[in-house]
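2 protein chains.
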Amino acid sequence: MGDVLRGNLVVAQSGGPTAVINNSVVGVVDEALRHSCIEGVYGSVAGIGGILDENLIDFREEDPRTIRGLRTTPGAGLGTIRLKVRDHHIPRIVEVFKAHDVRYFLYIGGNDSQVTSHDIETLASQEGWEMRVIGIPKTIDNDLPETDHCPGFGSAARYTAITCREIDRDNASLPYVQVVEIMGRDAGFITGAAQLARQDEGDGPHLVILPEAPLDPEAFLEKVKATYEAVGRCVIAASEGVRDQDGNLLAAADKVDAFGNRQLGGVGQMIAQNIEERLGYSARWNKAGNIQRCAAHVMSRTDAEEAYAVGMAGVRAAVEGEHGKMVTLVRESDDPYRCTTGLAPLEAVSGRTREVPREWIAADGLSVTQQFIDYVAPLAGEIPPASVLKRYYIDKKCAPYADPGKKR
Amino acid sequence: MGDVLRGNLVVAQSGGPTAVINNSVVGVVDEALRHSCIEGVYGSVAGIGGILDENLIDFREEDPRTIRGLRTTPGAGLGTIRLKVRDHHIPRIVEVFKAHDVRYFLYIGGNDSQVTSHDIETLASQEGWEMRVIGIPKTIDNDLPETDHCPGFGSAARYTAITCREIDRDNASLPYVQVVEIMGRDAGFITGAAQLARQDEGDGPHLVILPEAPLDPEAFLEKVKATYEAVGRCVIAASEGVRDQDGNLLAAADKVDAFGNRQLGGVGQMIAQNIEERLGYSARWNKAGNIQRCAAHVMSRTDAEEAYAVGMAGVRAAVEGEHGKMVTLVRESDDPYRCTTGLAPLEAVSGRTREVPREWIAADGLSVTQQFIDYVAPLAGEIPPASVLKRYYIDKKCAPYADPGKKR
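Chains as they are written, first to last, in this note's numbering: chain X, 1 to 408; chain L, 1 to 408.
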């Protein structure tokens, strides 16, 4: 237990919102209100921008029901910002913290935010301003190191798995090719989670394409053809960040795609179009876009609880004297799933990213392994089962039908 | 009460699947099993194709739990088909029905299916084959006449409203322009339902574009600009079937769009791109595609119940001697919402479609009226509320900040 540090607390949200990011804010606020050493419990409006411009709000003034309601509200309740924080911003941040007697700073964000947290901590310390900075992990992409997984990812994974199971039922009833374009430009964790949708033999998604496994267009088209011939249809989950064998994005703007055609509206559209042109199958594409990161109506309960827990853990750690750390999630067991929180030094986190390990991806690069599934399943939670008729056919009694019209 | 007609029953699904279409199958099966005059309870696999090819399955052989499970499973459990049924198909259908002693045919579908039902009924009667054909309405587009609304629509409306409220929270936390492209090429009912997402003043979707209200590109861009200047952001719900002032689809393939640019990936992308180019705002687009018609995880309970009820009502009517009718939904009151089933002659339904009445759309064509909202609200069910902080700002203590870096 460190010395008691009296003063105010600021919590801020950074980068892209998630379905559960507000749970971390509520976790920070709920825990902060329990400690008498923390006086003002402030929120910064629009991320680091709210500190630079002193747009700080007082959580003690908010209706507790409003705060509780944030736990089921997606997006960043405090607002966020896409600002590349630079060295010259740091002194201003420390100036504002000093002016408002801020001794605790809880910063909810991804990689860039952890770098910022580290820089603030360092400068404040050099200037002799005692404060405790704690990073709270947040990213649907799940690309932070040192933590088993990141709050926000489980809900994105759940949305993707449920949606792909539904699309698979839709596709099974009216067979053709369906491509689902999935978020995560540099890490394929969300895309891999699509495979949770498979319930039985022959279910989709039949092919899953991650940024970590460069795509061979010809081998891929062969596989689509083989799938279509085997099951009469094909569902493909493709990361928006699929790369070609040279490591270039398949669907970068203004370029001829890996299949040799001009790229139009993203990976999903590109793949669908090439399948229509090269294989002659009818193909549709779906790009849920930002819906994937804000689908709170289908949030993973585990994810929401963990997002809340890392917020609380961050405040507890700071009150106990910790600083310069990011809260981590530490998995204790897969089945039954058990997870607790830990701490990692900010310098071990900042500037590093994580990808899906190559050994969690099948050799052909078009599905994920059981190890990946075991990793992601408890984070996404149970995917509602689909009911499929066994189809007991009755005996035929008429001559076979030859449609005199055009071929069906 | 008509004469007792003994024989077998066939139920078939047609056209695009919905989140709740299987509820109608289960409604038919559950009710059919209650009537001793109905012997075989058969399902046709892949719509009318299963009748032409005699691919009929026996529901009495299926595990009742599998049948019950269909009530939460999207897509067409029996399979469906996009086959334009022509005159030459009808004699074969009647031949198969005679061979299998089919006296009851329940056909779940949209406009085209009601035409087919009518044709089958007519030919069977001419050939002296007594049978009772009943149409069961189904379409997410809600474009069937004679019924207050169509099963399938409520769930698509609910998905759209919930998604737009979530996208609005995402957009409020990281402000720019968001376009959501919504299904319904000829009828704007689903797109209009997006407006249910508005909770308070300033909430999105700020603009709603229906196929029924031709778009004036310049007036539209002006409105986007005005919205952005007023609330700092803009969420737009746009039907995939938005039309220009000449009645042409805005995003038809291979054409220069109404803004003068080459059309790329659909309405959403087109609108976002023009906003970026003409107004300089950052704009993103989302096209959930078929996800919209199969999102059973968020189905409207009212819609699911009604889809089940129309299936049951169809069988009851047939057993009581009715034929040549489509089951309708008859709204008895808005608040509290009460609805019952009725019957309309197939000839009054077949070949006719319904659009959003012009008086339910605002004069500028960019929002729907309270009358529309009152119509759709009970069908979609309650949209989970979003919690929004009141933001009680604390006093500033530092000099205003002028970022020495580039303009934020």
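Please note that a few of the clues may not be correct.
Identical chains blur together in the list; that is why a pair holds if it fits in one copy or across any two.
Stated by the list, open to error - With a cut-off of at most 20 Å between alpha-carbon atoms, the simulated EDC-like pairs for lysine to aspartate or glutamate come out as follows:
| hint | residue 1 | residue 2 |
| --- | --- | --- |
| 1 | Lys223 | Glu347 |
| 2 | Lys390 | Glu218 |
| 3 | Lys390 | Asp334 |
| 4 | Lys397 | Glu39 |
| 5 | Lys223 | Glu201 |
| 6 | Lys84 | Asp58 |
| 7 | Lys390 | Glu305 |
| 8 | Lys225 | Glu61 |
| 9 | Lys84 | Asp63 |
| 10 | Lys396 | Glu305 |
| 11 | Lys98 | Asp395 |
| 12 | Lys397 | Asp119 |
| 13 | Lys390 | Asp244 |
| 14 | Lys390 | Asp364 |
| 15 | Lys84 | Asp53 |
| 16 | Lys397 | Asp186 |
| 17 | Lys225 | Asp203 |
| 18 | Lys396 | Asp53 |
| 19 | Lys396 | Glu95 |
| 20 | Lys223 | Glu146 |
| 21 | Lys84 | Asp112 |
| 22 | Lys84 | Glu130 |
| 23 | Lys396 | Asp101 |
Calculated directly from the structure, the hints in this document are not laboratory data.
Query raised in the report: Looking at the structure, which of the earlier hints fail to hold?
Result: 1, 2, 3, 6, 7, 8, 9, 10, 12, 13, 14, 16, 20, 22
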